[in-house]
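Between the sequences and the hints, there should be enough to build the whole structure, so can you do that?
Listed below are the residues making up each chain.
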Amino acid sequence: MQEFLQHTLNGLSFGSIYALVALGYTMVYGILSMINFAHSEIYMMGAFVTFYMARFMGMETPSPINFTLGVLAGALGAGIIGYFVEKFAYKPLRNSPKMNVLITAIGVSILFQFGGQIIFGADPKRFPNLIEDEVLFYIAEIPVHLIDILIYVVSFVSLGILSFIIYRTQPGRAMRAVSTRPDMTPLMGINNNKIISTTFIIGSALAGVAAVLVSIKYPKIDPMMGVKIGTSSFVAAVFGGIGSLHGAVIGGFLLGVGEYYLIGYGASTYKDALSFLILIIVLLYKPTGLFGTTRKEKI
Amino acid sequence: MSKLLSVDNLSIQFGGLKAVDDVSFHINKSELLGLIGPNGAGKTTVFNIISGFYKADSGKINFEDQDITEANAAEVNHFGLARTFQNIRLFKTLTVLENVLMALQQRKHNGSFKDWFSSLLNTKSHQQLELNLKLEALELLKIFELDTFAQEEAGSLPYGAQRKLEIVRALATKPKLLMLDEPAAGMNHQETQELNELIRFIKNKFNLTILLIEHDMKLVMNICDRIVVLNRGKKIADNIPYEIKNSPQVIEAYLGKRKHE
Amino acid sequence: MKKYLIFLVSVIVLGVVLNFFMNSYIQAVFISFMINAIMALSLNFITGLADQFSLGQAGLMAIGAYTSAVLNKEFFNNDWTMIPIGVLAGAFMAAGAGYLISLPSFRLKGDYLAIVTLGMAEIVRVVLLNWNHVGGPRGYNAITKFPEFYFSFGFAVLLLTFTFMTMYRLKFSWFGRNLWAINEDDIAAEVMGLNVAKTKRRAFVISSFFAGLGGGFYSHHLGYISPGSFGFIISVQILIVAVLGGLGSLSGSIVAALILTFLPEALRSVQTGSLDLRMIIYPILLIVMMIVRPQGLFGRKEISLSHFGLTKFKARGSNE
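Chains as they are written, first to last, in my numbering: chain A, 1 to 299; chain B, 1 to 261; chain C, 1 to 320.
One should not assume that every hint holds.
Cross-link-like lysine-lysine pairs, in silico, DSS-like; alpha carbons within 30 Å at most [stated by the list, open to error]:
hint, chain 1, residue 1, chain 2, residue 2
1, B, 134, C, 2
2, B, 108, C, 145
3, C, 3, B, 124
4, B, 142, B, 203
5, C, 109, B, 108
6, C, 301, C, 2
7, C, 2, B, 142
8, C, 109, B, 124
9, A, 286, B, 55
10, B, 55, B, 234
11, B, 55, C, 109
Chain C stretches covered by chain A per the calculated footprint, using a threshold of three residues with CB under 8 Å from any CB of chain A [what the hints assert, rightly or not]:
hint, segment
12, 57-69
13, 110-122
14, 235-247
Just so you know, the hints here were simulated from the structure itself, not pulled from any lab data.
Even glycine gets a Cβ: it sits at the ideal position worked out from N, Cα and C.
Here it is, written out as structure tokens:
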């Protein structure tokens with residue numbers, strides 16, 4: 001029972017990370033119908049932006065201010081990188097076959113991974129201790145760490161901000177419009193390119209937040225760190241129904257918890273493969289995912 | 001007269017909108033039935049349900065006494081229904097000949113082992129089969145005076161010829177029922193006249209039954225044997241053209257629409 | 001008949017030149033080129049002709065490689081004359097895996113194949129890592145090789161010719177026409193009575209078969225394989241070859257494999273430091289090509305075999 005609780009807590013904490021990253025995949029898919037393979041590298045870059053900022057600003061001492069600054073820097077850095085990736089790699093291909101965009105996305109992903117190994121070095125780097133972790137309280141003798149609580153809190157705040165933007169603001173409305181009828185929105189005076197950029201910035205910023213949170217909990221970062229979280233999060237997005245925001249969040253939590261049960265109960269060596277196995281089963285029995293809908297194509 | 005296709009109590013709902021609401025009609029063999037109605041009446045939706053693209057929420061579709069309600073688009077074609085599209089859907093970078101070949105070959109290449117190996121080894125019988133297919137396709141194109149374009153890319157044809165090619169391609173699947181979705185869309189008066197001739201011609205030549213969705217009232221009134229009128233997803237009339245022309249309900253449906261415009 | 005003779009004579013001349021006048025390093029690179037070409041063709045078939053993105057060719061390659069290597073060692077007593085049997089078995093294993101993968105991949109429209117194949121490759125890698133009988137992470141050692149270069153060369157030419165001819169015939173057959181029609185308009189293709197999902201599944205099984213074939217031979221060429229030999233990066237390298245040659249152009253894949261196998265080897269002498277610059281150059285090449293010349297070297301066209309030497313191209317589907 002205690003073990004079960006422990007896995008659940010760990011799973012939920014990772015689940016919220018998956019949710020944040022999955023949102024980026026699902027938002028881009030919703031608006032451009034493309035899998036942004038480079039999203040996992042934008043996540044990685046978020047961690048490195050905060051890493052270098054902390055180093056250059058000499059943020060050595062853990063403090064709530066440094067923590068906040070670190071998270072914001074990761075979000076901002078990833079957002080800016082996401083913006084430029086979209087602008088230089090995807091935008092020129094707006095009218096190209098989808099295959100070309102996918103290939104470009106793969107190219108961008110590899111470029112960041114190996115460019116990162118050259119610029120940052122391939123060896124793992126120690127992420128600065130931005131906040132002093134401590135055990136806050138115990139649930140049934142399970143210690144609950146501050147960092148886990150912070151992961152929940154920051155994730156939920158980010159999700160709150162996101163849903164506010166999407167459902168309560170003008171750009172959010174425009175975003176939803178572009179993802180349903182990109183052919184009509186320009187007639188309504190919406191600048192599709194601007195909305196697509198905004199989507200990339202928001203999705204990337206969420207990934208940046210997730211990256212900083214993970215790096216604080218597991219303070220080793222390297223240029224390949226995005227691959228695993230990226231694939232799991234993508235699976236979460238498909239599981240929830242790609243294109244659906246709620247689906248991404250719920251898929252993220254379910255996958256996080258599911259993965260930790262599997263690790264906890266002995267399947268740990270197969271963990272990386274298992275998330276894909278889940279994906280394949282989902283595709284076989286409910287291809288649209290939990291909350292996805294097939295778009296009725298106009299015939 | 002025997003029924004070829006019968007549609008019974010068909011309904012489909014998109015979100016809160018009842019796009020098709022309890023529609024029933026039938027087509028007799030060798031009949032030319034027109035399906036008309038104002039914009040958004042649900043004509044194309046009915047079409048898409050019959051041709052297997054949408055699943056109806058309720059209702060039944062029978063074709064030659066076989067239930068085809070659950071059939072998907074490819075299966076529907078194998079039952080003997082072929083259709084064209086409102087917005088032309090040709091294989092644009094394939095040649096005109098290849099467009100017809102693609103349709104023809106679905107009956108000739110069954111994907112059996114023998115079929116695979118004879119095409120891999122390029123056997124004599126395979127070459128003969130391909131040659132026959134090409135000849136048949138050319139013959140079909142000739143009937144519609146498209147044979148001179150045979151090696152052109154389909155997407156490069158003039159608009160009218162593309163419409164015609166789409167009909168040829170549908171005919172190449174050897175249908176019993178041909179369903180035309182607004183074939184006169186985007187055509188001028190003279191082209192519409194020619195289309196009128198063409199439809200009559202293919203109906204006799206290929207001994208076809210035709211279901212025609214159309215906006216152009218003149219075309220429909222001229223060539224249809226019978227007309228079904230839809231309005232807001234419901235059937236409001238089913239009669240010979242003369243009666244339809246004078247039906248107050250139909251006039252109201254169309255005029256009512258004009259008021260909104 | 002004449003063109004087959006010309007082909008045979010040039011292969012023999014090439015074989016003689018390589019065998020007697022070149023060192024073993026160039027010989028090995030040449031074999032690598034042919035394996036790369038087979039792999040690129042296998043990807044090109046599904047991605048270029050069927051327009052379905054696969055990111056798992058390396059995984060299928062691994063299935064072929066391990067099947068063939070294990071068969072030869074465990075059942076054929078390291079008998080090199082049995083290599084062809086093993087390679088063929090590897091191809092069939094990969095085709096079987098390809099069939100299983102194809103089941104969930106085409107149920108919805110979209111890029112699901114890309115992600116399912118990516119997952120498959122990862123599953124294969126993880127399984128191999130944990131399978132101690134085949135060496136786990138240490139890899140599988142001392143796989144039987146051909147005793148002489150000319151056997152190796154002959155077999156490689158045979159495999160490449162078989163791969164190319166099969167795909168070439170299919171490309172210009174009813175099957176190729178169906179694939180192309182689906183690329184153009186899958187809804188119209190369906191209305192013609194074509195089972196679109198089934199057609200895509202078949203295309204992927206064929207692609208998988210040849211990926212397994214290439215992988216099977218690869219294991220006997222190197223004599224050593226490990227899960228690391230079939231990472232994601234290998235799939236990306238295969239993709240780059242196919243893209244450079246032109247997605248849809250089979251002869252393009254072969255030309256591109258030639259360029260991309262020999263060029264890095266030639267550059268190796270000028271390269272300094274321990275960094276593998278290819279992993280920087282390749283993605284940049286991909287991105288720039290997609291923006292500037294997405295059709296690659298040859299687009300969908302084939303270099304006509306009957307006019308080899310003259311620059312005559314055969315457009316897809318044109319009737320000679």
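Check your understanding: residue 55 of chain B and residue 109 of chain C: Cα distance at most 30 Å?
Key -> Since the Cα atoms of residue 55 of chain B and residue 109 of chain C sit roughly 17 Å apart, the hinted pair holds (cutoff 30 Å).
Point to revise | Restraint status (C-alpha distance of residue 2 of chain C to residue 142 of chain B at most 30 Å) | key: violated, 37 Å
Point to revise | Pairwise hint evaluation, residue 108 of chain B against residue 109 of chain C, where the allowed Cα distance is 30 Å at most | key: holds, 27 Å
Check your understanding: Are the Cα positions of residue 142 of chain B and residue 203 of chain B separated by 30 Å at most?
Key -> It holds: about 17 Å lies between the C-alpha atoms, which stays within 30 Å.
Point to revise | Holds or violated: residue 3 of chain C to residue 124 of chain B, with C-alpha atoms at most 30 Å apart | key: holds, 19 Å
Review point. Has the given pair, residue 286 of chain A with residue 55 of chain B, been kept, meaning a C-alpha gap of at most 30 Å?
Key: It holds: about 17 Å lies between the C-alpha atoms, which stays within 30 Å.
**Study point:** Agreement of residue 55 of chain B and residue 234 of chain B with the hint, judged by alpha carbon distance not exceeding 30 Å
**Key:** This hinted pair holds, its Cα atoms lying about 18 Å apart.
Practice item. Examine the segment 235-247 of chain C for residues whose CB is less than 8 Å from any CB of chain A, and state whether their number is three or more. Key: With 4 residues in contact (Cβ-Cβ under 8 Å with chain A), the coverage given for the segment 235-247 of chain C holds.
Review point. Does residue 109 of chain C pair with residue 124 of chain B here, judged by a C-alpha cut-off of 30 Å?
Key: violated, 38 Å
Review point. Would you say the segment 110-122 of chain C counts as covered by chain A, given the rule of at least 3 residues with C-beta under 8 Å?
Key: Since three or more residues must qualify, the claim that chain A covers the segment 110-122 of chain C holds, with 10 doing so at under 8 Å.
Check your understanding: Is the hinted pair residue 108 of chain B and residue 145 of chain C satisfied, with a Cα-Cα distance of at most 30 Å?
Key -> violated, 45 Å
Review point. Can the restraint linking residue 301 of chain C and residue 2 of chain C be considered satisfied, given a maximum Cα separation of 30 Å?
Key: Since the Cα atoms of residue 301 of chain C and residue 2 of chain C sit roughly 23 Å apart, the hinted pair holds (cutoff 30 Å).
Hint violations for this structure: numbers 2, 7, 8, 12, all remaining hints satisfied.
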